[in-house]
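Novice: Here's the letter readout for the chains.
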Amino acid sequence: MKKSIFFSIFLTFQFLPVFAQFGPENGVKKSEPKSILIQNARIYVSPSVIWEKADMLLVDGKIKEIAPSIKANQSVIIDYSGKTVVPSFIELYSNIGQPKTTFHEGGFRTQSKVEKDGAFYWNEAIHPEFKAANSYAIDAKTNETLMQQGFGYAVSHLMDGMVRGTGALVSLGNDQVNKQMIKGDAAQFLSFSKGSSPEGYPSAQMGSIALMRQALFDLSYYTSSPQNEFSISLDAWSNQMKLPMFFKTEDKWEILRAEKIMKEHKLNVCYIGSGNEYAAIDAIKNIHRTIVIPINFPEPFELRDPYIARQIPLSDLKHWELAPSNPLYLFQNGVPFCITTNGLKSAEQFWKNVRLAIARGLPVDAALAALTINPAKELGVGSELGTLEAGKFANFSVYSSDPFTTEAQLLDAWIQGEKSQIKAIAGPSIVGKYNLLVDGEKYDLEIEGSNERPSGKVKLASKANATLLDTTTKKASVQLVENDITIQFSSCDKSNPGIVQLHGKMTRNAAIFEGDGTNSFGNWIVWSGIRTDKSPDPVKATELKKDTSFIARPWLPNMAFGMETSPKSQTILVKNATVWTNEADGVLKNVSVLIENGKIVNVAKNNSISAPSSAIIIDGKGMHLTAGIIDEHSHIAISKGVNEAGQAVTAEVSIADVVNPDDINIYRQLAGGVTAAQLLHGSANPIGGCSALIKLKWGSNPDEMLIPNAPKFIKCALGENVKQSNWGDYNTSRFPQTRMGVEQVFYDAFYRARAYKADWEAYNNKQTLIQPRRDLELDVLVEIMDSQRFVTCHSYVQSEINMLMHVADSMGFHINTFTHILEGYKVADKMKKHGVGGSTFSDWWAYKFEVNDAIPYNAKLMADQRVIVSINSDDAEMGRRLNQEAAKSIKYGGMSEEEALKMVTLNPAKLLHLDDRMGSVRVGKDADLVLWTDNPLSIKAKVQFTIVDGVILYDAAKDQSQNERNEAERARIIAKMLNANENGEKTTPFVKKPRKHYHCDTLGEEGETGENTH
Amino acid sequence: MKNIRIFLTILAWIPVANAQRILIINGTAHIGNGEVVETAAIGIAEGKILFVKNSLTNAVQRKDWDTIIDAQNQHVYPGLVAANSTLGLTEIDAVRATRDFNDVGELNPHVRTQVAFNVESRVIETVRTNGVMLTQSTPRGGTISGSSAVMFLSGWNWEDATVLADDGIHVNWPSSTQGGGWWAEPAPKTRNTNYQKEKEEIMDFFTLAEVYAKGAKSIDDLRLEAMKACFVGTKRVYFHADGMQQILDIIEFVEKFNLKFPVIIGGYEAHMVGKRLKDAKIPVMLNRVHMLPEREEDDVNLPYAMPALLQKQGILFCLQNAGDMEAMNARNLPFQAGTAMAYGLTEEEALVSVSLNACKIMGIDKEFGSIESGKSATLFISKGPALDMKTNQVSTLIFHGQIVSSENFQLKLYQKYKKKYQGK
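Chains A and B supply the protein sequences, listed in that same order.
For the numbering used here, count along the first sequence from 1 and bump the result up by 360.
For the numbering used here, count along the second sequence from 1 and bump the result up by 4.
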């Protein structure tokens, strides 16, 4: 005990720099301990090495020696018997000590001028020149918060923008910033979030992806080719490329998106995850990167009102249940990971959640590694940080017991050999019964409560002179400050009612008190107390229990209707069905269709196929089998923005980069017979972004949904949306604002692309040695002009349709598809001549001025001119009953039933150049099939089965059991959560998420449907 | 019911044929009350239906009629009703100048759609082509949007198109969740902490209106004056609400003010509290059938199946089509009923949900909603079943005994361009 007192006094003299050369001393040189000896501690040397009892010698802020027993003279000795010493943790993702960033407020902005003057990169979200070391200032309060959790180091960077510059590695001491900063440029940080940049671009995640790629190409161009320009940003960035790189993500799929860029540029990276990696663990395992995961596991929802509870989506419930297993999933799948406190609201949460992860089965060594050696390795500082070995920094935390397996308290945090007391080491308990002898009088004293808040009762022990003395039990006030106890109670002497005040020292583990004080007369007296009961055993820290009962698994996707296992292609025989072949055979009755390995392998009349014994047999009697519906124009299953509206020409962006398998609308559309779709960029720009051609493979990864070797497509747009006619009075500054301007945007883009192509050809033919700069936007435009990429163009009125065909003709390519094309009927002959198809709505009109002449006979009139016509949705709701929309052409114009069905099957396959593998029921084609309960064009038709690539992904017969399974899963998790509610766990009120259904002109990252949105 | 003023003006617009007495024979008559009369003879005179009978068992004299329409192999239906719609109040959604359904102010019961109804709307002519012949022209916005009116989808002007002026006021019941931002920048929705307060505001206004209704001798507050009939029972109170919490609170509210004709519009969760609604005798104008489920785990077909769920529970309901592009979409109302049929209603139940039930809820069923003698002869003939888009082909529209063209400008454009290509 004396040592401890000595040391705390000693500490007060210790605030001085280690290296005097950093500044002159104000006063005389002060001494400091040469060395400190930690004794008798249980030491986690590293995740794999624990010494049950060892000593550790610290010299000059570093570990000099660690051994079972160290003899050291002239050392300050600290006895940590019974305590556990753990290496300080390393926080990789923080902005401690950085200035606050002010974020641009207000609505969406289109293309604005760069506001930062200087020779920087053209887009403000890219600012590698920022060095966090330059703006780092010690923030004692935040340091303390991190120290309370066991951290001793942090990498601090400015959490703003896409290329954020470097972060500094600091230790968390509060003196001398030079001493605390271990590395000024420790790592560089990237993200997809543009942060405080006031520019309109990028406004969607696909824009961020394109910008990141472009910036990296610009960087290598800058460093590899002779330049006649200087860029502060690229110059700084090129110097950072050898630093460790961290990429912040906000969802499991974002890791895969970022990974594509990193692979393209052959960069090593470590991802900052979002906590739901478990739900895509197979894909994440295969990229072989380290993931820094947050452990801000969701709090249980407040469930008192069942009406509100009903609104909580199953996906949120499942995430609540599984998030604490995220570290375990990564561990079990061999994914190296680190842990960050980013997102945690308090220090208590940190240990609660680390222990929760361990309770779920995460081994202690893996947890410790994630906090120490793994981050040290990622930073390339494994030789100085992360373990408690000779030569490394003396940064460690001292706990009352093992913090990973018990509810231990963090007592002392050591940073570079300096101690900060976080919590006093608890002394022996004074709670108990005592015999007091005060001024010759005997009393019984009982102390209750705790050392921090004791209370007492006092009773006179002797019964003599009872008439003169008060023998009732009285309250005594008791206070304990370190070893000193004070007791006050009113005198038992009836003749002299006053206060007895005692002050004493505690000895022998609270068995004896001794001291002096004043009696009721105010005279000084001596007193003593002896414990009469056995002092209690020191409180043992509660051992954590492993929750072995936990068996929940994520669904694919992890939400309602998700699948329990990854789907496999099946052998299926559909018998007795009426088959709409979409081939010369037309509609055939009593046909069997055999499916194997995802393909149609036999179509036989009169049920003459014998199925293999393993086949699933579906009796299609009375039912109709058709090719799967293909939606030529869809915006479902897209993450974070359908429009990159920051510029008028955004050919560089691609929906294929942001396919989102977690959209419930995939399942809903399967229930409507849709098997494939073109996910299009929106219509905010004349030249929008590239498309994703997908199959609706519910439960698959984004890349598995993309149709392999699909032809390339891009979305263009004309008319009111691109000239921002309906954006209100403030959006009148972006060119173009008229149909005249729209034409010029196209010519300008294609002339630029033509010149770009010529530059590359000259370079490739060695006519010049100057390599052109790679431009992702122009690359795509060149593909269009070379007929390597097809154009689907949003269009309404005949003038603009005609115009674009002229532009294309003059540039030597064809427009592949006009989508919407509501006045196509007026120029169907010209369309036929140009060779363009039309993908239209069945009957939409009246939502804006340019659709005033839209007629529901449009499809029929175009089809009559032998234009290939499809009917599309552009709408998550209508997308699930495209068969009904197709049937409207029977009503409006008298199209035949077979031709009508082709408009949502074979014709969109033709428009997408996928008709060699989709769109009809023919041997060799993909097994994308729908079995309907009735004529598919009848209002009575319901989907019985939807099969994609030979896998049954929707089965109406199982619909009821699916609903029951969803409800059972809800009930199971809600019961758990209610339990947590009752146990007093902090709850969070449910926040309803906005609906995210994109239409053509939805802006920003997340859209809600409004009026006029097509 | 006697208090309801139904304007059945002698319709003066020019009929295709100058028919006073019309006989429709040989068609299949879907009465609109669940019954079907095969080879029906339907007699019409002075705007009213004289009789509906099976012509095989009941002889009719051809010479008694000015016009005889042979509807062999065709179907006759009562005019369908687009309840709760801005049809006729908007022309082009994106053009502000054409939008006349949402005025400034929170409590606007005095604002009346009847006078803004544009019976010459080009949208209207495309809607009636599919058999939709009446609409409840309904205002939007605010807490009380205003008063709706039931209108014919044909006429010279709003006066002679009026079926029932000011049939009810529309209360947008506050949501127990709130937020959402605007469409380009949505904010998360949260539990509406102002819900109690917003409810009380409605309560206060109704309390004030109730007192006014009892005492006022002369008009001194247009808003309260417009509320008066709600307490007498000659004007309906339409509550727009979806959630269980809201619906239960509305039931309480209705009891408190002893409202005679309350109606729920929306009712996404009505099937969850069906018994309560049935006991309180509150009918529902159900959300559009062609909508997405609200909740991730809702049955994928829930909106399609909702009409059948209410039917099973014995709740009086009709369909309506409010939502995105509702005016132009009103022409698809028959097919929404058709989808409801595919998901559990019988064909005739589906028809009732867009005809007689809507008229019952609006209080005009004595005159409209079914092909029964004594009722207004507002009906149409379709070459095939009208609730299926594949077969809906309206050949004749009769508005209160007057034959009206089923053509529209879209058909004319079709014919014009068809000719253009044939000319080549």
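By construction, these hints were calculated from the structure, which means they are not laboratory data.
C-beta atoms are modelled at their ideal positions from N, C-alpha and C, and glycine is treated no differently.
Be aware that a few hints might be false.
[Claimed, not checked] Result set (DSS-like, lysine-lysine): computed pairs, CA atoms no more than 30 Å apart in a straight line: (1) A/602 with A/476; (2) B/260 with B/279; (3) A/783 with A/424; (4) A/1302 with B/422; (5) A/1190 with B/260; (6) A/1190 with B/416; (7) B/260 with A/1192.
[To be verified] Restraint-style ranges between C-beta atoms, simulated for each label pair: (8) B/64 with A/1324: 23 to 31 Å; (9) B/198 with A/1093: 32 to 40 Å; (10) A/946 with B/427: 47 to 55 Å; (11) B/201 with A/595: 57 to 65 Å; (12) B/70 with A/1318: 56 to 64 Å; (13) B/427 with A/949: 40 to 48 Å; (14) A/1324 with B/223: 41 to 49 Å; (15) A/664 with B/212: 28 to 36 Å; (16) B/201 with A/664: 29 to 37 Å; (17) B/212 with A/1159: 24 to 32 Å.
Novice: In this structure, is the beta-carbon distance linking residue 201 of chain B and residue 595 of chain A contained in 57 to 65 Å?
Specialist: For residue 595 of chain A against residue 201 of chain B, whose Cβ atoms are near 59 Å apart, the range 57 to 65 Å holds.
Novice: Are residue 1190 of chain A and residue 416 of chain B close enough, with their CA atoms no more than 30 Å apart?
Specialist: Answer holds: residue 1190 of chain A to residue 416 of chain B is near 21 Å, not above 30 Å.
Novice: Starting from the range 56 to 64 Å, see whether the pair residue 70 of chain B and residue 1318 of chain A falls in it by beta-carbon distance.
Specialist: Roughly 59 Å apart at Cβ, these two residues keep to the hinted range, so it holds.
Novice: Quick check: does the Cβ-Cβ distance between residue 198 of chain B and residue 1093 of chain A fall within 32 to 40 Å?
Specialist: holds (37 Å)
Novice: Does the structure keep residue 1190 of chain A and residue 260 of chain B at a Cα separation of 30 Å or less?
Specialist: Given pair residue 1190 of chain A, residue 260 of chain B is violated - Cα atoms ~67 Å apart, limit 30 Å.
Novice: Residue 1302 of chain A and residue 422 of chain B: Cα distance at most 30 Å?
Specialist: Status violated; Cα separation ~34 Å.
Novice: Would you check the hint for residue 783 of chain A and residue 424 of chain A, treating anything up to 30 Å between C-alpha atoms as holding?
Specialist: holds (26 Å)
Novice: Do the Cβ positions of residue 64 of chain B and residue 1324 of chain A conform to the proposed distance bound of 23 to 31 Å?
Specialist: Since residue 64 of chain B and residue 1324 of chain A have Cβ atoms about 56 Å apart, the given range 23 to 31 Å is violated.
Novice: 29 to 37 Å was suggested as the range; check whether the CB atoms of residue 201 of chain B and residue 664 of chain A agree with it.
Specialist: The hint (29 to 37 Å, Cβ to Cβ) is violated, given that residue 201 of chain B and residue 664 of chain A are roughly 20 Å apart.
Novice: Holds or violated: residue 260 of chain B with residue 1192 of chain A, Cα cutoff 30 Å?
Specialist: violated (67 Å)
Novice: Starting from the range 24 to 32 Å, see whether the pair residue 212 of chain B and residue 1159 of chain A falls in it by beta-carbon distance.
Specialist: violated (56 Å)
Novice: Given the hint of 41 to 49 Å, is the C-beta distance from residue 1324 of chain A to residue 223 of chain B inside that range or not?
Specialist: Between residue 1324 of chain A and residue 223 of chain B, where Cβ atoms are some 59 Å apart, the hint is violated.
Comparing the model with each numbered hint stated earlier shows that hints 4, 5, 7, 8, 10, 14, 16, 17 do not hold.
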